[in-house]
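Same order as they appear, the protein sequences are chains A and B. The numbering of the first sequence is the working numbering, which starts it at 70 and goes up by one. The numbering of the second sequence is the working numbering, which starts it at 70 and goes up by one.
Possibly wrong hints are sitting among the right ones.
Unchecked claim - Here's a subset of chain A near chain B, in silico, CB distances under 10 Å, partners left out:
id: 1; residue: 120
id: 2; residue: 170
id: 3; residue: 233
id: 4; residue: 234
id: 5; residue: 278
id: 6; residue: 322
id: 7; residue: 409
id: 8; residue: 410
id: 9; residue: 412
What the hints assert, rightly or not - So, partial list: chain A residues that the calculated Cβ filter (under 10 Å) puts toward chain B:
id: 10; residue: 112
id: 11; residue: 132
id: 12; residue: 318
Claimed, not checked - Covered stretches of chain A, going by a simulated chain B footprint (3 or more residues, C-beta under 8 Å):
id: 13; segment: 133-147
id: 14; segment: 373-380
Just so you know, the hints here were simulated from the structure itself, not pulled from any lab data. All values reported here derive from a predicted model rather than from experimental measurement. All residues carry an ideal CB built from backbone N, CA and C; glycine is no exception.
Number of protein chains: 2
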Amino acid sequence: MTHGASGTPRPDNTVGEIGERRLLSHLRSRIPVAPGVIVGIGDDAAALETGPLTLVTTDALVEGVHFRRDFTPSHLLGRKALSVNLSDIAAMAGVPRYATVSLCLPADVTVEFIDGLYNGLLERAAETGVVIVGGNVSAISGPLIIDITLLGHGDRLLRRSGAQPGDLVVVTGTLGASAAGLRLLEHGARLSADGDLVDVGTFAPSAQNDLLHCLRAQLDPAPPLAFARALSEHEIVHAACDVSDGLSGDLLNLCQESGLAAWIEASAVPVDVCAGNLGSELGADGFSLALHGGEDYQLLMAVPPQALDALKDVAVVWDLAVTPVGEFSEGAPGVSLKFGDALRRLRPKSHEHFRDPERGRRADPDREA
Amino acid sequence: MTHGASGTPRPDNTVGEIGERRLLSHLRSRIPVAPGVIVGIGDDAAALETGPLTLVTTDALVEGVHFRRDFTPSHLLGRKALSVNLSDIAAMAGVPRYATVSLCLPADVTVEFIDGLYNGLLERAAETGVVIVGGNVSAISGPLIIDITLLGHGDRLLRRSGAQPGDLVVVTGTLGASAAGLRLLEHGARLSADGDLVDVGTFAPSAQNDLLHCLRAQLDPAPPLAFARALSEHEIVHAACDVSDGLSGDLLNLCQESGLAAWIEASAVPVDVCAGNLGSELGADGFSLALHGGEDYQLLMAVPPQALDALKDVAVVWDLAVTPVGEFSEGAPGVSLKFGDALRRLRPKSHEHFRDPERGRRADPDREA
Chain A
70 MTHGASGTPR
80 PDNTVGEIGE
90 RRLLSHLRSR
100 IPVAPGVIVG
110 IGDDAAALET
120 GPLTLVTTDA
130 LVEGVHFRRD
140 FTPSHLLGRK
150 ALSVNLSDIA
160 AMAGVPRYAT
170 VSLCLPADVT
180 VEFIDGLYNG
190 LLERAAETGV
200 VIVGGNVSAI
210 SGPLIIDITL
220 LGHGDRLLRR
230 SGAQPGDLVV
240 VTGTLGASAA
250 GLRLLEHGAR
260 LSADGDLVDV
270 GTFAPSAQND
280 LLHCLRAQLD
290 PAPPLAFARA
300 LSEHEIVHAA
310 CDVSDGLSGD
320 LLNLCQESGL
330 AAWIEASAVP
340 VDVCAGNLGS
350 ELGADGFSLA
360 LHGGEDYQLL
370 MAVPPQALDA
380 LKDVAVVWDL
390 AVTPVGEFSE
400 GAPGVSLKFG
410 DALRRLRPKS
420 HEHFRDPERG
430 RRADPDREA
Chain B
70 MTHGASGTPR
80 PDNTVGEIGE
90 RRLLSHLRSR
100 IPVAPGVIVG
110 IGDDAAALET
120 GPLTLVTTDA
130 LVEGVHFRRD
140 FTPSHLLGRK
150 ALSVNLSDIA
160 AMAGVPRYAT
170 VSLCLPADVT
180 VEFIDGLYNG
190 LLERAAETGV
200 VIVGGNVSAI
210 SGPLIIDITL
220 LGHGDRLLRR
230 SGAQPGDLVV
240 VTGTLGASAA
250 GLRLLEHGAR
260 LSADGDLVDV
270 GTFAPSAQND
280 LLHCLRAQLD
290 PAPPLAFARA
300 LSEHEIVHAA
310 CDVSDGLSGD
320 LLNLCQESGL
330 AAWIEASAVP
340 VDVCAGNLGS
350 ELGADGFSLA
360 LHGGEDYQLL
370 MAVPPQALDA
380 LKDVAVVWDL
390 AVTPVGEFSE
400 GAPGVSLKFG
410 DALRRLRPKS
420 HEHFRDPERG
430 RRADPDREA
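Please model the complete structure; the sequences and the hints are all you need to start from.
Structure below.
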């Protein structure tokens, strides 16, 4: 198959057909010029206006581990690749600014797929004030990879260390919908590139609202960016991180970084209602999905009890729920789960990629909490 | 196989055995604390002191495309993964400062391999004043990948655009040794982790100096960092880029970015002597390797003729050869090769990954210039 005339690749061209140079040239033509960028794509390095404190984070989506091409439209994949990094900058109370995009592309990937990916990336970037300033494209005999490094501006940072004994464990939004969404994909449910429900899979059509909600949480996560940034203007939160690996694992990490223990009141965990509704059909219960599922991209915080009302005042501005689910305490780093008066040590079940690379990032609610 | 006691993984443990968390914890323990880093590894994002102008570049080494594990000791692979990015910051006349390291690791990779990789990375970082501030580790069912994003400080930048008609085409060092080195590896020659020659492969022991030189150029490239940085203090160079894809391709890119044509005098190209010596045994001639081979990580510059002596004065401080090889001129972007009075249009032969992902990055001297 040959490429189209006049240098513009056709949607059905593969990257193997058009080659690295033409692909880079094609991608470059799609990136808008933007303020703050002194040198953009096409030079040895990008040159960017920065302030005295720059945040940097990097997160990759690896095919077969973090996504499947038959599960996700490329448009949503592009959005998510940026969103998982946006979540990290938000968890530092920063402002995202510049992204570099490193792609590893098997030779059979089409221009249409990559255009979809960039549509999503650029759309999400425009929504959040991010400029794509450079990147890299490499061939690979293996899975497709999107590795993004996101730079941001920071001033008053939210750290993972800094939680105090007596601080409340507080989480934004609801938990478990993303993990439920992954299971829905495995049962054949699908979204279109625009995020509409196009296949209910093995589920009843009457479940469509629950399906849509959970699939979107998985394929197009929406971290609470504005709320997190607003926290930099208040002295409310002692420590924070995003919930990417799952509440159990991320809370353990906060404990380790702060040198504290913590407990969670089981009944207080804000289990996503749609995930709960679908749980039984998924062979999973909503609570386990909420506790261990991961990829919620909500914010997990250590908040002194007297500041909870102030936190709620900030959250209400952004129409965001904030829920106290437990408390930090003196003790060896670890997380316990409270069922009424019973306290049980929680073993984090967050996904460990290396131990099960084929399974992808998913909850394992079959094992008991 | 189980891991060692007290949490320290054994060298023969695989990443599949120890899991992502323990690997991250192990790597984190190896990264030194450094000035400028307000928040280092372990939080959602790193927080770094920056100036008003920050350079950023990203370059990945993909197994099977850019390296083979049986060709390169992990120590040298770590050094090279940073060096290819250092070269990009140098080509902007910047100062490298902070790196994030994104690894995709097949489950069978050993802790020993990753420790070797980090030995090399940290050694090269210490040599060049770079601090590793974060990164990401992901499982992969596929090749090993090291994707580094390097941030640097910039002030007076060397751009790819800006060459003027009449400017000389000038290159640092010699060309072709790295491409020769790749061919030597294919013929069984090997370096140790310390960069010593441990196997001459199919070559005569008397060739050991040539072998060593070319293998090091391929496995442990040394871009002219100090020289390039020194150029920011002079108004000598109109445009520059690094020679990563090969002189023919990179010069074409400078032409495109500057809207000019250029010619190269064939006899002026500084063909690496060792590559030339080994050429016939490699089934390649040194000139083709120098013209198209790539991965030289030298600097390619547009220099006004009256400034050539000043450039040489800077270069001599760093014990670096600078060689004028041709000239920029008005005309459609393109590169011609001069053999005495004959002028021939040069079709760039720089490697195109997607068209031949299995062959890796190598020169193709079988095709004529």
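Of the numbered hints stated earlier in the document, which are not met by this structure?
3, 4, 5, 7, 8, 9 and 14
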